[in-house]
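Heads up: the sequence lines are chains A and B, in that order. The numbering of the first sequence is numbering that gives the first Met the number 0, which starts it at 0 and goes up by one. The numbering of the second sequence is numbering that gives the first Met the number 0, which starts it at 0 and goes up by one.
Hints listed in this document are in silico derivations from the structure and should not be mistaken for laboratory results. A portion of the hints provided could be inaccurate.
DSS-like, lysine-lysine: derived pairs with alpha carbons at most 30 Å apart [to be verified]: (1) B:K84 with B:K326; (2) B:K352 with A:K62; (3) B:K326 with A:K62; (4) B:K321 with A:K62.
This structure is a prediction, so every number in the text was calculated from the model and none was measured.
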Amino acid sequence: MSAVTAGRRTRSQLSFRQKLSNFDYKFSPYLYVAPFFVLFALLGAFPIIYTVNVSLYDWNLLKGQGDFVGLENYATTLQDPFFWNAFGNTISIFLLSAVPQLVMATIIAAVLDQAIRASTFWRMSVLLPYIAAPVAVAVIFTQIFNQFGGPITGLTEFFGLDPIRWGYDSFPAHIAIATMVNWRWTGYNALILLAAMQAIPRDMYESAALDGAGRIRRFWSITIPMIRPTMIFVIITATIGGLQIFTEPKLFDSSSNGGSNRQFQTIVLYLYEMAFPRRDFGRAAATAWILFLIIVLVGLINYAISRTIASQDITRVRTPKRAALTANGVRR
Amino acid sequence: MKLSRRTAVAALAGTASLALVLTGCSTDGGDGGNSGDKITLTITTFGTMGIDVNYEKYMEENPNIVIEATNLEDGGSARDDAYAKIAAGTGLSDIVAIEEGWLSTIAEVSDAFVDLRDYGIEDNKSDWLDWKYAQGTDAQGRVFGAGLDIGPQGLCFRGDLFEAAGLPGDREGFAEAIGGENATWESFFEFGQEYTAKSGKPFYHNPSFFWNSFVNQQAEGYYKKDGKTLNIKDNAALKGQMDLIVANANIGAGLPGWGVAEQAKNDEFAVYVCPSWMLGVVSGYYDAGTTDSGWDFADVLPGGAANWGGAFLGVAESSEHKEEAAKLALWLAAPEQQAAAFEAAGPFPSTLKGQDLVKDSVSAFFNNAPVGEIFTNRAKGVVAQVKGPEDSNIQDNVFGAVFDRVSQGELTTGDAAWAAAMELLDQLVGE
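The following block holds chain A by itself, in its conformation from the complex:
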C-alpha cells in the first residue's frame, strides 16, 4: 500500500524537467512524423477529397463551378468510347512495360547478387537511367522512335523492311512508350529486388548446393520464394506507376494528347485533355476517381496473383521434383 502511494506521489511530484522528458518520450515521435502528415493532408488528402466535390458538379475549368449534377460525370465518362480507348491503351502499355520490366529486373538482380568484380560499379550502373529526368528520356526516345527519319526507321530501311509507323499505329507506339518506361524503371526495381536477395541467409544456398541444387534450381526454389514480400511491393508500385503513365505518351507526340487519333492516349492523358483543352473539370475529376478505383482493383488482382505464384513455388520444391534433385546430385 505504502509503496503504491509512494509511487503515485513520485509521479505527481515530478519535476518540470522530468515532465518535459516524459512528454518528449510520449509525444515527440508524433511531432517527428507530423511534417509528413501535415504536408500530406494539405497536398494529398485535401485535393483528393476536393476532387470528389468537383466531380459532382458541371465544372468549367475557366468559368468555375456550375450546377450540381450528381453522378452524371461518372456516367458520361463510362459511356465515352474515348475513355475505353484510353483504358485499353493504358492496360496495353502497362502490360508491355510491367511484365518485361519485372522479369528483367529479377534477372539483373540475381546476376548482381552473385560475387562479381566491381559489384558497386555494376549496381550503380543499372540505376543510371533512373537518375535521368523522365522528360529527357522521353525526348531522346521520341527521336529514336521517330517515324520520319529516326535511327530505327533508318535501320528498317537499311534492311529493306517496311517502315514501322511508330507515331501512328497503336501497337508500335505502345511498344515505344513501354520501352521508355522499361529503360527508366528496370534498374530501379532491380536494386530493390537485389536488396531483398542480399537479405536471404547465404547458408540456405550452401545447404541447397550441398544437396546438389544447381544455380537455376536455387534461384527458383530459394530466391523467388524468399523475395516474395519485396516482389509484391515492386509489383504494386509498378502497377500504380504503370497505370498513371503520362509523361512518356504526352511527349511522344507533344502537339497532341496521346496521338492525333488517340493511338496512345492513356487514362491520365484523357484526364488531362478533359481538364485543359476541353476544360471540363467535372469530368476530369470523375475520371481521376475512376482511375483510382481501377488502380485499386488491378493492385488487388496483382497482389492475389503474386501471392499464389510465389507460394506455389514453395510447395513445388518439396514434392514432385525430389527425384530430379537427387538425380542432379548423383550426376555431380
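Use these hints to put chain B onto chain A, whose structure you have.
Frame of chain A; chain B shown alone:
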C-alpha cells in the same frame, strides 16, 4: 547513431524535395523588387512571334525593367498553359500572348486580364485595323488583348524544284500557273498533280494546312457569325473541300504538320501555305542566314485572300506590376515594334502604320521576295472570321485528327473522311 543507408537516402530525398518546393516558390516570387529598383516583367509567347527582338531595346530604354521571357513551342501548349493558370487564379506571366483560335474562350473569362483602356490603349485605337482591335474587345467593351500580327496568306514554294520539273519556278510564273488572282484550290491541286507526275516527288507535306486555310476563307467558319452556333454539318463548302483534298492525297508526303526540317531539306515537299507568321516557321527549318534553300514566296492564294491566325498580348490581372506590364505590352504592340518583329520572323503588323513601315521589306531567305509588298496585297480587304469557343479544339482534334488519317492513307474517300470527322465532332463538341 550510425547513419544507415536507408536514412541517408531518406535525408537526401527530403532535401531534394525541399529544394523542389523552394525553387517552385522562387519562380513565383520573382518580382525582384528588392534587388535595387529593378522590376522584373515576365512574358509568355509561343512559336516564332518575333517580338523577342524588341526586348533588349526596351530594357535599354527602361533600365529599371528586366524582361524575363518564356517561349512555348506552339499555340496549343500556350493555350493549355494559359487555361491552367487562369483556372488556378495564379501563375500567369505579367504579359501573355493569346492566339486568335482560342481568343474567344479567353474572352469568356476576360476579367483574368486587365482592361487595357485603363492604360491608354484608346489613345492609339486608330493605329489598328478596326477588326483586329474589335477582336481583342469582349462583350462588355473591355479591351483585354492588344493586337500584334495578322495572318494574310500567300504561298511559300520551292522555285528550284518546280523549274527542275519543267514548271514555272519564278514568283509571277507560279502564281499565273495556278490561276493568278482567280486561282482556285482545284487549279492549285492540278498544278500539284503535274509537279508530282513530272518530278516523282510529293507536292505538299500535310493536307491539314489547305483545310485550315480554306476554312478561314469562308464568310463563316466552324461557327456562324454569332460565334455560338456550329456551322459544320450540312456545310456543302466544307464537304467539297474535304472531297478535293482527299482526292489529291496521292501528292502528299504523309508527314506531320510541324517539325519537318529534315524533310524540307530533302526536297520531300515543295509548297507550304504561308500565313505571315508561317514564314518564320519555314525559315526556322534551316540554319539562320540561309539564302539558298530554294524557297520563294508568291503573291497568290487559291480561293482568294483570307486571314489565318494572329496573336494578341494580354496583361494578367494577377500581375504585381500591371502599370509597367501594360506599358510594355502596348509598346510591343506599337507599329515600330510590330515592324521589327516582322523583319525578324514574318508576322505581319496589325497596325496600319506598322504595315506601312514594312511595305518595302524583302526576305533574303525567300529568294529576296518583296514580302512586305506581297502581304500588303494579300491583306487588302481581308477581315478575320468570327471564331467560337471550341474553334481550336475543332481544328486540332476533329479535322486535324482526320487529316492525319487521310495523309497516312487510312481514309481514302471524302465521304469516309467526312463521316469520321462528324463522329469526332459529336464526341468532342456535341450539339
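Hints versus structure:
1. Pair hint K84 of chain B plus K326 of chain B holds up; C-alpha atoms about 22 Å apart against a cutoff of 30 Å.
2. With a C-alpha separation of about 37 Å, the suggested pairing of K352 of chain B with K62 of chain A is violated against the 30 Å cut-off.
3. For the hint linking K326 of chain B to K62 of chain A, the alpha-carbon distance of about 28 Å falls within 30 Å, and the restraint holds.
4. For the suggested pair K321 of chain B and K62 of chain A, the alpha carbons sit about 23 Å apart, so the restraint of at most 30 Å is met.
Checked against the numbered hints above, the structure violates only hint 2.
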